[in-house]
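Enquirer: Residue numbers for the sequence shown follow the working numbering, so the first one is 4 and each next one is one higher.
By construction, these hints were calculated from the structure, which means they are not laboratory data. Treat the hints with caution; some may be incorrect.
[Said to hold, decoys possible] Label-pair restraints from in silico Cβ distances:
#1 E143 with G189: 28 to 36 Å
#2 G154 with I59: 18 to 26 Å
#3 R169 with S139: 18 to 26 Å
#4 Y107 with G61: 25 to 33 Å
#5 N69 with D155: 29 to 37 Å
#6 N183 with P102: 27 to 35 Å
#7 Y107 with R170: 33 to 41 Å
#8 Y107 with G172: 21 to 29 Å
#9 G130 with Y107: 28 to 36 Å
#10 E125 with R58: 32 to 40 Å
#11 L171 with D123: 34 to 42 Å
#12 Q167 with E101: 14 to 22 Å
#13 E143 with T39: 15 to 23 Å
[What the hints assert, rightly or not] With a straight-line cut-off of 25 Å between C-alpha atoms, the simulated DMTMM-like cross-links for lysine to aspartate or glutamate are:
#14 K104 with D119
#15 K104 with E182
#16 K175 with D195
Note that the structure is predicted; figures quoted are calculated from it, not measured. Built from N, CA and C at the ideal position, the CB exists for glycine as well.
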Amino acid sequence: MKRKRASAMASSSSWATQTASSNPEIQSGSRKGSKTRKMNEILKDQRSMISGINRILGTPIPVSNNLTWRLLKPHKRIESYYGTKLSSALNAIHECFEPSKDPYTGRDISEDIVFDLESDSEMNLRGFYTVVLERSDDEEMICAATLRISGDVAELPLVATRPQFRRLGMCKILMNELENRLIEYGIVRVFDWQVAAQGTAHQISK
4 MKRKRASAMA
14 SSSSWATQTA
24 SSNPEIQSGS
34 RKGSKTRKMN
44 EILKDQRSMI
54 SGINRILGTP
64 IPVSNNLTWR
74 LLKPHKRIES
84 YYGTKLSSAL
94 NAIHECFEPS
104 KDPYTGRDIS
114 EDIVFDLESD
124 SEMNLRGFYT
134 VVLERSDDEE
144 MICAATLRIS
154 GDVAELPLVA
164 TRPQFRRLGM
174 CKILMNELEN
184 RLIEYGIVRV
194 FDWQVAAQGT
204 AHQISK
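Using the sequences provided together with the hints, build the complete structure.
Expert: Structural data, given as structure tokens:
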């Protein structure tokens with residue numbers, strides 16, 4: 004009796020396996036479930052990554068003799084002190100790049116990026132951070148860059164070093180610290196819009 008029952012169960016299991024493999028609806032449901040689980044894992048990793056990055060917002064990080072690195076992002080509860088920092092970063096960007104207007108709204112694209120401003124533009128300019136390098140003694144702005152993270156890739160549309168600080172390795176200091184932080188939070192590639200004509204994102208590693 005036990006052998007018959009075991010045989011019947013084996014036959015039933017074999018039939019179920021064959022049915023699942025031959026039924027496109029079951030296969031489709033399995034693939035959708037797998038995709039959903041993968042997407043949930045990606046979103047969970049992304050939330051964890053952003054949470055980690057947000058913990059250092061506004062924190063002054065010494066990177067060299069009399070140099071401080073800082074990550075900024077506008078927020079309705081942000082202190083006016085950091086709003087001033089963002090304004091200084093925007094001024095540094097304007098020193099290096101001619102202001103570019105959004106063709107749909109006529110607004111300054113750099114300002115929308117730095118201050119994460121809403122607009123009716125068809126361009127997606129939300130979700131950016133601003134990275135700055137300053138002198139520690141007087142907090143004079145040296146370099147500024149804008150950064151947005153998507154998955155394991157960071158994009159940098161604007162990287163600016165003020166004219167009086169060029170050819171001193173300042174941008175390299177800013178980028179080295181940025182890449183170290185990105186690696187810490189699982190970002191492995193950086194896409195620089197200023198070299199976008201090459202169509203590649205450079206790999207970063209420890």
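Enquirer: Hint by hint, work out which the structure violates, then give me just those numbers in ascending order.
Expert: When the structure is compared with the hints, numbers 8, 9, 13, 15 turn out to be violated.
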